Every structure is written in C-alpha cells, then in structure tokens.
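> Protein chains in written order, with the UniProt record's numbering: chain P, 1 to 451; chain U, 1 to 451; chain Y, 1 to 451; chain G, 1 to 451.
One thing to keep in mind: the hints can contain errors.
Which copy is meant is left open, because identical chains are indistinguishable; a pair holds if it fits in one copy or across any two.
Stated by the list, open to error - Capping the alpha-carbon separation at 35 Å, the derived lysine-lysine pairs in DSBU-like fashion look like this:
id, residue 1, residue 2
1, Lys363, Lys234
2, Lys258, Lys60
3, Lys320, Lys74
4, Lys60, Lys450
5, Lys258, Lys428
6, Lys176, Lys363
Read the hints as simulated data drawn from the structure, not as lab findings. Every value quoted in this text rests on a predicted model; they were computed, and no experiment measured them.
There are 4 protein chains.
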Amino acid sequence: MGNEDVLRYISPGAWSLVEPLISSRAKGIISTLITFLEDVIPAEHLYHSQISDDPAKRWKTVPSVLPKLQRRAKDLGLWNLWLSGGEFQNLAGGQGGGLTNLEYAIMAEIMGHSLVIAPQACNCSAPDTGNMEVLARFGTKDQKQKYLTRLLDGTIRSSFAMTEFGIASSDATNLKNTSAQASGSGLKLIGHKWWISGAGDPRNEIHIVLAVTDPSNSSPYKRHSLLLVDPRAKGVEIVRPMTVFGYDDAPEGHCEVKYNGVQVDFETGVVGGKAGLGRGFEMIQARLGPGRLHHCMRAVGAASRALDLLLLRATDPARKTFGKQLRGHGTVLADIAHCRAEIEQARFLVLSAARQIDLNRAKGALKEIGISKFTVPGVALRVLDRAMQVYGAEGISQDQPLAAMYAGLRTLRYADGPDEVHIQQIGKTELKRVDELRERAERIARVRAKL
Amino acid sequence: MGNEDVLRYISPGAWSLVEPLISSRAKGIISTLITFLEDVIPAEHLYHSQISDDPAKRWKTVPSVLPKLQRRAKDLGLWNLWLSGGEFQNLAGGQGGGLTNLEYAIMAEIMGHSLVIAPQACNCSAPDTGNMEVLARFGTKDQKQKYLTRLLDGTIRSSFAMTEFGIASSDATNLKNTSAQASGSGLKLIGHKWWISGAGDPRNEIHIVLAVTDPSNSSPYKRHSLLLVDPRAKGVEIVRPMTVFGYDDAPEGHCEVKYNGVQVDFETGVVGGKAGLGRGFEMIQARLGPGRLHHCMRAVGAASRALDLLLLRATDPARKTFGKQLRGHGTVLADIAHCRAEIEQARFLVLSAARQIDLNRAKGALKEIGISKFTVPGVALRVLDRAMQVYGAEGISQDQPLAAMYAGLRTLRYADGPDEVHIQQIGKTELKRVDELRERAERIARVRAKL
Amino acid sequence: MGNEDVLRYISPGAWSLVEPLISSRAKGIISTLITFLEDVIPAEHLYHSQISDDPAKRWKTVPSVLPKLQRRAKDLGLWNLWLSGGEFQNLAGGQGGGLTNLEYAIMAEIMGHSLVIAPQACNCSAPDTGNMEVLARFGTKDQKQKYLTRLLDGTIRSSFAMTEFGIASSDATNLKNTSAQASGSGLKLIGHKWWISGAGDPRNEIHIVLAVTDPSNSSPYKRHSLLLVDPRAKGVEIVRPMTVFGYDDAPEGHCEVKYNGVQVDFETGVVGGKAGLGRGFEMIQARLGPGRLHHCMRAVGAASRALDLLLLRATDPARKTFGKQLRGHGTVLADIAHCRAEIEQARFLVLSAARQIDLNRAKGALKEIGISKFTVPGVALRVLDRAMQVYGAEGISQDQPLAAMYAGLRTLRYADGPDEVHIQQIGKTELKRVDELRERAERIARVRAKL
Amino acid sequence: MGNEDVLRYISPGAWSLVEPLISSRAKGIISTLITFLEDVIPAEHLYHSQISDDPAKRWKTVPSVLPKLQRRAKDLGLWNLWLSGGEFQNLAGGQGGGLTNLEYAIMAEIMGHSLVIAPQACNCSAPDTGNMEVLARFGTKDQKQKYLTRLLDGTIRSSFAMTEFGIASSDATNLKNTSAQASGSGLKLIGHKWWISGAGDPRNEIHIVLAVTDPSNSSPYKRHSLLLVDPRAKGVEIVRPMTVFGYDDAPEGHCEVKYNGVQVDFETGVVGGKAGLGRGFEMIQARLGPGRLHHCMRAVGAASRALDLLLLRATDPARKTFGKQLRGHGTVLADIAHCRAEIEQARFLVLSAARQIDLNRAKGALKEIGISKFTVPGVALRVLDRAMQVYGAEGISQDQPLAAMYAGLRTLRYADGPDEVHIQQIGKTELKRVDELRERAERIARVRAKL
C-alpha cells in the first residue's frame, strides 16, 4: 500500500511507529475512509442548512443529506467500524469491523475531521456506540433483537440518560433522583435527568436510563439498574433542549427530561432482564472506558482539521495585513509549530491507550485512557482557539466549523468525569510505584554507603 | 462614606490605592450603582426569556424589562456615566457624569458583572458610546440634534459599520470594499460589511459606515469617510445575523449588511458634513482608545462575577462528590487563588490605563491601554473557563451566564485589533527605551572599567 | 520634582497611581537612590572578583568594594531605608527612614536591580533587616545595645537559624530537632539547622536560633523561643555551605550548622530575656510578613533589570542572526511585551500590599502579601528565563547576572512558605466571602422569583 | 524476556507500541543496562566528592570511580551503544552496538537517569560521540587510527570548538572570529572560542575546531573547515572555565579558549586532510542531527528520575506538614499526574524521531527531531522544577541531583540552535503542506457548490 493518503492525515512520525501493527485490511479501510471523508466535508454546510430555524420544525426533521452519506458509507464498508474484534464482535452477531482498537483509533481520528457528521455517517457516533455495547454485552436476546439490530443498522437512534438535574454527577454514586419502584408486574420510573444527548431526535427509539432500583443495598455500586424506556411512552416529558455555548445541536439535542411515572416491564424494560437488576454500575463501566477514548481519537482529528484551516488562512494571499501574509506576523509561525507539536503528542497518547486496550482490555488501560482523557481535549481546544484567533471574527461564526467544534469538545473536559478527577486518579496511580521506588532507593543507599 | 459595599466588588488592595483619587460624588454614584446592579442581576433571566425563539419575532421586540431598568437608572443618576469630564462633556451639552476615567473604570467594572444588561440599562454600552463620542466630537449641529440627543437619551440605538466581508480588517487600510461615489447632490454607497453590532435591533436608527470616498488620495489614512445611513433607507440589506459561538445576541445581533447603492447627502449623510470627507480614520481613532479600555473594565467585572459563581458552587453543600464539597478536591482551592490573583492584576492594569487617560488623554495612554487590551480579556476568559469547569455541564448552558459571557469576551481577543497586533505594538514601544538603556549601559561600562 | 529619573525605573502607569501617596522627601530619596544604583551596578563585577576561589580564603574576606559603597550610601542618606515609620522607628531609636512601606517598596524595587549588592550597600538586606526588627521589638535593652546598634550601623551581620535538617520546615510546628534544656544558670542548646544564611560570613556576630524550650506546652505555638548565639561560642559547628544551584554565595553562605551543646544565658541569650521564653513563634511572625514583601519588591527590580538586559541584547547590532537583529525574529517582540505586562502586574501587587501594610499593618495585609508571595517570584523567574534565553549560553554564565539572580529568586518560591501553601491560604481566604455571596445569591433568587 | 525491569523505566504505553520493533538482542542489553544503572546511581555522590574544591587540583584529576564503572560497562557489553548499525558501524570498524536508533533511544533514556555519569561510563557522552561520528565519516585513515580508536576505547576525550566569543552562534554563518591562514606547510589558527566542553579535562587529547579557511568563498557554507588541534600545542590558551548556573562541571568544564596562532598541518590537522578543506559545515551537520536527539533521549530519562524522586518525597512519612504527607496537599497529586503525562508525550516524540532516523536517516527526520528539540528539554525542565519545589531548599542544593540536572538541561534550550529557531523551522515545515491543503480545499469548495 502506498501510504501517501494516510500521511496527509497521520504524521509519518506516528504512522511509522504503528504501521507494523496495522493489518493490510485496515490499511485499505483507512484509504477508503479518507476518500469518503473528503466527500463528507463538502456536505457539512448543506447538513446545517437543512436544519430549520423554526422551533416548530427544528426537532422534527433529519437533514436529508445524512442518510445519503450513510448509504454510501455502508456500500464502502465503512459501517460500524468501532465494533472492535474479539468477544464483542461475536456478541454483535459478526457485524462490524473486527478491527483492533489501534486500527480504529486511526479511523476515528480521520472521522474527527468532520466531527459532527462523519461519525454519524459511519454509525460510529456517541451515544449509540456505547449503547450498542451495553445491549450487546448485557441485553437479553429479545432486547438485542428489538434494539441492537436496528441500532447496528442505523435505522434508529438512542439516548443514555445518566446525568441528573441538580446533582454533581461526576461522582456517580450521587445519582439518586431517578428511581424505579415495584409497581404492578414491573417498575414505575420517576426521575429528572438532563443533558440527555439525542433525546430530541425524531429517530430516537430508546432511552437507556440509570435509575436506583435497590436504594438500601449496602453497596452504593449495586443500587442502580439500567432501564429501557420508549421515548414515546406515557410519562416521558422532554422539558427543553439545553444549549452548549449557544448551540442546541438540533435535531439530536441535549435535553432535560422528566420521567413522570413511566411504567417499565422487568423482562423488556431492564437491561439484561430481571437478572440485570442492580448491575447498572457494572454496565456503565463497560461503556465508559473505550467511549472516553473514542472521544479523544476524534478530538485529535478535530484539532488536525483546525490546524489545516489555520494554515490555509495564515497563507491566504487575500488576507494580508500591514503588507504581509498572516504567517509573516510575530507569533503565527510559532503558534503553528506548537499546534503541530501538541497534536503529535496527543495522538501518541491516544494510540498508546488504544494499543493497551487491545493488549489488556479497557480495565488494563485505565492509566493510558486517563492520561488521554485529561490531556487530549485540552490540546484540541488550544489548537482550535489558535485557529479561531487567526480567523478573527469569522473563526467564531457559523462560517467556519471551529467554534462549534470548540463547544462540542469543551464538554469533554467534564463529561465522563471532569479533568480534575482523572488528574487525581492518575496522580494516585503513580503513587502505586512508590513501594518499588522506595525499595530501589533503599538499595541505592545501601550500595552508596559501601562505596 | 463607609466603603463596605465597594469592597464587596473592588478588593481592598486596589481600592486603597485609588481611593484618594476618587471624588466623594463618584463614591456616591458607585454605591448607588452597586445597589442598582443587585436589582439588575435578578432580571437577567427574564430579559433572556423575553426574546422570542421564533425567527419571525426574534428581531422585532426588545425585552420589556429593559426600559424599566433604564428608567430606574436615569432616576438614580446612573445614566451616561461613561461621559467623562472636560472637553467631551461640553460637546455633549453638559449631560453625563463628568467623571474621570478612573472613576468610570470602577463603575464599568461593576456593570460588567451583568455584562449584557447593566451597560445597556445605564446607556453605557457599545457601540452606542463610541458612536456618541464620534457625533459629539465631529458631528454637525444638525447631526447632533438628530442623532446624538436621542442616543444620549437612550430612545434610539446605533451601529458602527467597519468590518468588511472577506477582508483582514485588523489592518484598517485594507478596508476597500465599501465605497461611496458622487451621485446627484450626494454620494451613492455600495459595500459589503459584516459583524455590524446592533444592526438587527428594532431600535436602531443609524449606521455609521466607514467607506472609501477618496480612493486615490496619496495617504491611505485619508481615503475614508464616515457616512450616516438610515437602516430603513432604500438599498440597505440586512443579509443575516452572524453567530458568536452559537449565540446570535438577538435582538441587537451582529449582522452581515449590504449597502446596495444607498443614497446619502453630503450635509446630513457625512459625519461632519462635507468638511468631514476624508477624515474617517481620524474619527475612528478617537473612538477606539477609550472604547478598548471600556471593554477591559467590564471584562474585569465579568471575571469577578464568574469567580463569585465559582465560589458558590465550590462550596455548595448539595454538590458533594466523593464525600467532599468541591472546594476540598485537588486543585479547586488553587484555581480560586489563581483567579483572585489574576483578577487583581487585571484590574490594576485597567485602573492605571484609565488614570493615564485622565492625565494624558488616550493618545498618551497607548501603552497602558495596549497592555490591558491583550491581557485583560485573556484573564477573564481563563477565570470564566475555570468557573465553567467547576459547574460542569451547567456551566456552559443557558442556566448560567458563564458561556454567554465567555463567547462575548472571546471576541475582545480580536476586536479592535487582535491580541497579536497589540502585543507586537507593546514590544515595539519597549524598544523605544533602548537608546536610554544603551547610554546607561555604556556609562556603566565606563565606570566599571575605572574601578 | 521632575520624575524623569523615576520613570526610567517605575512605569508611568504605576507611578501616576501611587505618586499622590509619596511624600516629597521620599521622592528625593528615590532620586538619590537611582543615582547611587547606577554606581553600584558597575561595581558588581569587582565585588565578585574580590571573592577568592581558594576554599581557604573564600569565607574569610569581604569584598573591599562593599564598605566603600556602604559609606557612600550612609553619606547620601540611603541607610536603613527599610525602617518604616511609626512604632518601629521609635523602637529603633529614631534611626532609619521613617518612610511608609509604599515608599520603601519603590526603593526596594530599585535596589533589586542589583540584587546582591545594593541592598547590602544600603543596610537593607535579609536576614539582617528581619533580625533587627525582632531585636527592636522584643529584645531587652542590653540586647539592643549589644546587637541592634551595631546591626543598624552595619558593622556586624547576623543569621536567623530556623530551617532544620531533615524536617519539612514549611510547617514550622515540625521544628523539633533543635532544643534547649535548662543547664546551670541558663540553657544548653543542641540542634541541627541548615540554610542558615550569613553563617559563613566573617562579619557575623549573632545567630538568632529558633529552639524548643518548652516541649510539653499544650500549644504547639508556645513551645519555642528565640535564642541569641555567638557564632564563635563553644559548640557552634559550621558543617558546610549549602549550594543554590551551583552558587555558594560566599562569603555569606547558606550553611549547615550544628549546635553541640552551646551554653546560653537566660538574660542575654534569650530574645526578650527570661520573659521571652515560649514566645518564639510570635516573634518570627512579626518578622515574616514585611520580610516576604521585601523579597517581592526586590524581585520586581530584578525582573526589570533582566528585561533591560534582554532589550539591549535583542537590539544589539553585533548580534544579528540570519540577517536580522534578534528583535526581528519570531517571538522575541512578543516575549518583550509579555515581560513588560507581567512586570507591571507584579509591581502593582507589591505596591498594593505595601499600602495595605501602611493602612492595616502586616496582619491586615495578609491577603495582599500572600498573593504577591506566590505570584511575584514566578513572574521574575519567567522574565529572567526569557532574558537568559535571548542571551544564549552567555545568559546562564558568570558574564551576566541573570543566572545568579535566577538561582537567588528561585529560593523565594519555597522560602517563608512554599507557593503551594500561600496559594491554598489565599484560596481559603476567598472562601470567607462565601457567606456574603450566598446571602446575595439568595436575595437575587428572591427578587428574580418575583419578577 | 520478561519485560518487568523495562517497565519500571519505560511505561507500558510506550513499550507496547515499540516493543515489536526492538530486537531480542537489544532487549537483553536494555536489561543489563538497567542493572548497571542501579549501580551507577549509588556512585554519583562519590564521583562528585572526588572532585577537589581546590582550584589547583580541580581540573587535574578524574574521579577514580569513573574508570571502574567504565571497565564494568565494557565487560557487560554496554560500551559505545550509540554506534548505530549500518554504514556508520562499518566506518567505526565494526565496534559498537549495531543497534537501531529506536533501540538506542530506550537505552539513552535509561542512561539519562544518571545524566552526568552513566553516559560517560558507557562511552556514550557528548561531545565525544559526535566527534567520533565526524572522525569516522570524514577522517583520514591516519586520523582514525590516531584519535578515533582511542576515543572508541575511552582512553582519551575530545572537544568540539564551535561557539565563538561575542558572536550570535545560533546562525553558524556568523562564525568568523576563528580562522586559519596558510602558513608554512600548513595553517596557522587564530581564534577565540568559548563554551568548549571538555576542554578542561586532563584526558582531553583533541579539539575539533571550526575555523574559516576560505573566507572569500561565494557560499557562506563552504568557508569553514574542521581542524584538529592538540590541546597541548603551542598557542592553545585555556582562558577560564565558564559556569552554568554556578556549576563549572569540572573536570570537563566548558572553557573559554584562545588559539593564538596554533600551527596545524594539512594532512593531520584538517579533518579529512586537504580534501576536507571547506567542508566544515557539511561535517557539523552530520553530527548535529542525531546528537540533538541523543540529548532529548537523555532528557526524558532525567525527567523520569526527577519524577521518581518527587514521588519519594511526596510520600515520605517523615515529611508531613500540617498533619499530612505532601501528597495530600493541594496540587501535589495534580503535579504528579502532569509530570507523568508530559513525560509520556516527550518520550513518544523522541521514539518517533529515532524511528524516522532509522527509516530515513537524520535528514529525513528533521521534522521529528526539531519537534523533540524544542519540546523535550522544556518538559524535562518543568518536571525538574516541580520536583525541586516539592523538595524545597534541599531540591536546589548539592544533596539532590535536581538542580545540577536542571542547569545541564537548561543549556539544551539554546545549544545546537535555540528553541526559537527550531520552532520557526517547524512552523515553516508545516507551511509546506499548504499547497496540498489548498488543492483539497478547492476540491471541497467545488463539491460543495454542486450539492
């Protein structure tokens, strides 16, 4: 394979280190994906223009360009690439890529160049991927048939309802304001959530809701279950869309939702059926690890797109100021160099975390995922900010994708655990090395004393 | 005067340095303003809720709470505080505060706590203040009567149309795509501008438009004039509102505007009448200096508001995570300390620049204004970002003012000259000290040689 | 007074804010001090060359240029300027400047340009100033006569022995390894200290030693006393000079010292005599507050010196690279601008803290002192680092004062409390505002609810 | 091979990405090297104590522990590891490691833990490695026999004399103050250099001196030659050792040297003999690329050592302050996490640059080397600074290796090209992508227009 197209997206420095670990099949997919991406980016403007400003219609239609892109992605074999190999692929019935996480990391970065659309077009976008993972791992046969099949096929979408109104959700054991109590042959769900991504979407067919079902369990990690709620069920109230720096991200949205006594059945309405009761925390853990990293992978791509845009503007012959192209002014070249250096480093963090997942599963990759989680979004935001600055007013407007990407990526600094939590966690992980270090230091002291 | 209320807004460190320079009348106004502010902040939510989501109405109504607040500000003597003393006050017919810039700096900071509303409520908001300044200094008697009087009274609003579509406007000599040519008894204006703040506003009665009127003048600084255009005149086309991150800032807006052959008269349609032709650059300079600093003053207030909100959340007993209030976690206390330290420093920059304007006019305060310009917005953005982070998802949503303030203040990093331009400028200003330094160094070398 | 000479050292922005608070006598001293400084700087090289490389002589002689400078400073009325007015001046028998702390802050900054020599030349250097303060406030009449008089006169020098070997001294209650027990008619001192500045100096006549004298006192703050130890007394062992980076700062030094059973008398050997027993913590507090700020004042001056040197090198016509002066390359101008902006801000922190001490004594200025303490040394180090970078290899060598100043100022980031402690402290101080903020927030919520 | 020992030095994230590219022979060497390092570290204190304080002896003896360690390294097969495989190995007569640069990068990092001694002990230290490279590539047979053999054997040491006194050497074409003119049967060298590392060393047998030999050549890159000068030859004057933050790094030193008419012969005294005349720039290029990266490799190791030391202190039960171990205070855990994250990223930059050299030689790895060059030393300095801060006064003293490592690594920010030059260079390298980006952007615009 001539890697020239890859090298336009992934630097030689990174590619030459990982290339021996990428199968030739994956290399082929990467090439196809790059070609596809270069047809997705031109559609971004159309996509946004197809979302109505009229509040009455804004949440009712999906831009018609999207299903076209999805069809094309399927035809090209770019569908469900996130479905990594091994155990999970079997659970998902043999569909999907069967790729390693390392291979997918490269692909997700490329999709990240078109952060909003490309992942959707390839059925690789949150929260659906995580929801499919939960259903594949823990769903009953019926639940898989009813929801997983259609999610894998991209015909429906889904929400994950975890964050609660008025609660510091970064400590998930705080989540107490949504609970389901025995009622009739099932459970009655009462609760108040917000930031339920995708809940505004007309394609949405399922909310997976974290709710307390066993409040008196002695372990705070065994009190919750995941419930499956039909968004059209009685008692589901979409209160309002939340905005992210002014964006409502219609038609998917990030909604405030009330569950006003929604009736769910044990077998169909609890993930895993009755046996799934109390296993909510276990199930959300399974979805968080790789999910966090997927966000980071895409963030590297978004940052790369921003740097590409920065370069175009800085060298735009029509944008001279004081007689020089912007690249000739003060710190612009230095900004470019720093962007490049930071993107390189961020990418390596992501690739090494993906490799660790391949070798040791998400559980064995917590350190690498954590470092990526608190580093990569910050890098992407800095690169985006520099690009916005070079574009001036246009950079923060609807005429460039930068501000919208900024807003989207800014959420990653607190979603799935704020930076601060991950930083503390990595700090504590390092402390685990102290016993070995102290032993070594004591040996050094002994040897030194003898010299 | 007991300064206790001031000290809740301005730190003792800053207050005790400037207090000897604040008149007792100004101290009284500050106290009144603080009381007023604490009634403005509760109205913020209502203000935003009174702006319709319906695109058909969104640009047609002004939130009804605003005129009520304006009436109250007038009654309390909090109107047109920005009108500093001396020459300009006379030009404005004796209205306004007659305060020093230093005194106004304190007040503008306090207004900055409610960044969107308080300045409007006190008729101290951009772009009107700068436009009034231009009219007062350079307008004909008729222009003053027609526009200035009503702007000072707050019954109409205005726009300043400078930035051009597709042009790197940070070098104003680039502005060539809007020009006015002799036509009939006046000029015909053809041009394409964008980011025309306030152009969407139903109260808007005047655009002040920078246009080329003498393209072949040998000096690039004498080719432009300021034209007065009625937004309802034939040929004025409001193309679309631009968005800042995802905010359109209705009803004022930041609009793309085309002037498709708008006829203007020499005497009424050129600022200063026929004698004002070719003086556009001189006139915009007059408005930029203090205007830049006004933004910085308010930015300090916005940052202070953000820190106050951060403190409330960090100590919210309902927001414990992992058993502790947020303040007990890792770096939160350090973040608070850094916010405090950076706000103190930013405030001093602003106060010293205001003092320099008082002593040496804006022209003699370029260095201090420049340092503020490239430092203060960055400080405010960092403080806002930390506050958003502590609030998690809520912080970037419509439920807190933080993200909207962030978006608004982010524009200050490029508006009226991007940071990079001011940084280079201050660097060059420092270089002017080199002659004196070299002389001193040579003397040192001579003395040293003799020792 | 024409302020032109001041404005070469203190920026107009700062000077114009504080000038109304500076007496005309102080202005005169400032002018004289500037003239003097410009004769001190040429002597720096000679000073260092007069310190022998030979370990046998290195700690035995004082550079002969120093007493000459001291004589001149005395003649010019630049002696003991740190002795602020009011209470303390009386204690010191009417000697010294009688200046406000704000006035002294300007002077100390100017001395900071020649960080090692100018403060010594004016008898304004640590640790002597703090030691004199302790003796003046707490010493017996005899102690004042014996030590204070000569220290004020500059004929002897002194040490302050607090930091203990092998102890985390930033929490002073940890200091337990030096204690004095009743023995004969006095106390026998046994202990192990290090970083005892000035202990290597041939002029040194007194160590003020913090030692446990009442180990079982229920309050950890009442267990220590300050003892007065003659460095030539039996049992005093200077173990070795410590190095700061690679500097030993001979002849003063920062020594490891053992007190091997040194006999001290109650009346002459305990600060304050027998009545001073157990008051060690109270006494060191008195010396720490202004002392911390003195370091910050000088740090601003050191940073200014570094920026001046940077400017000279960046414009050196003999140092062109790639055809341009250094100032023409990439980020040099931006570095200069940032240095300027940061120095301005640091200076304001220091000036406002000094003003607070004037108004509310050190105890009432803890917040302002704390912010200065954790901010100003960092600013100075950044400016120095940029200057060193512009000088390349020469910048870190003995041929420029930069690296030595860097090493000296680096110690301020942990001395008298590490940055981290002060940052936490300021964070906590901010939290004290929460009650008022919460009250205000509740009022806002009530008003909002009624709108 | 069980990689447990490697994983104590190189993180699993990095190791698992590169492990497939490391030969099993190299893995064995790595294990041996780790064992050896853990015997070198205890000898550091002894090494420094064996350097006399007496200026008369300080430059005359080599610590006797060093040859012992060297003998052991040779016995263990840890000698000349830097000698990478391929062409160069042949030139060097088959000696050395025959390792890839990637493999050596791991080893150099491990040696970097003991920055001063381990590289010397393994004959892998600058400037000898670069000098050997020059001699191997460009030396005559006789020059190889006379110098290269002994350098490879570690029996002599060498200097590289490039930097000139009073010249901005970062632009090497500035180097004009050292020149050699025809004289008798050879050249007479007159010049003034400084920062000649190793020139103080009693083992030094050869200076490789960059000197102008053809001043009128039209190409500024063909005017210089490399001369071989015996340090004991007539006319060689060692003026003084320069200090780096107070360290003189005896006995090697960084000396100011004058060449006062030193006679050299064409065949023996010009690298490459007469045919080498005018090829000085070509020869120094050959030595700079990998040399720069070697410094970066070691810097990663130095940073890792600092983090290990930081961890030990932060958890030291004897160092509690305010009742807690340091790790429990404020930002210490966060500092640890940031150190870890930054070290990981720095290491990846180095590894990917080393891999690029393996694939495309140094010339094809300029981008990756450049990014490492301006990033890695900065990372190491930040980690060292945090570690020093946690250690307080001890951290910057002779009792910990931190300050000395800081001083040594600080030089890397300007040596072999200051950060600023490399940053500008990488910025320009990125600009080379613009043609391709613009083509892509135009295609996107065309496709978009058709949608």
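> Which numbered hints turn out to be false for this structure?
The structure breaks hints 1, 3, 5; every other hint is satisfied.
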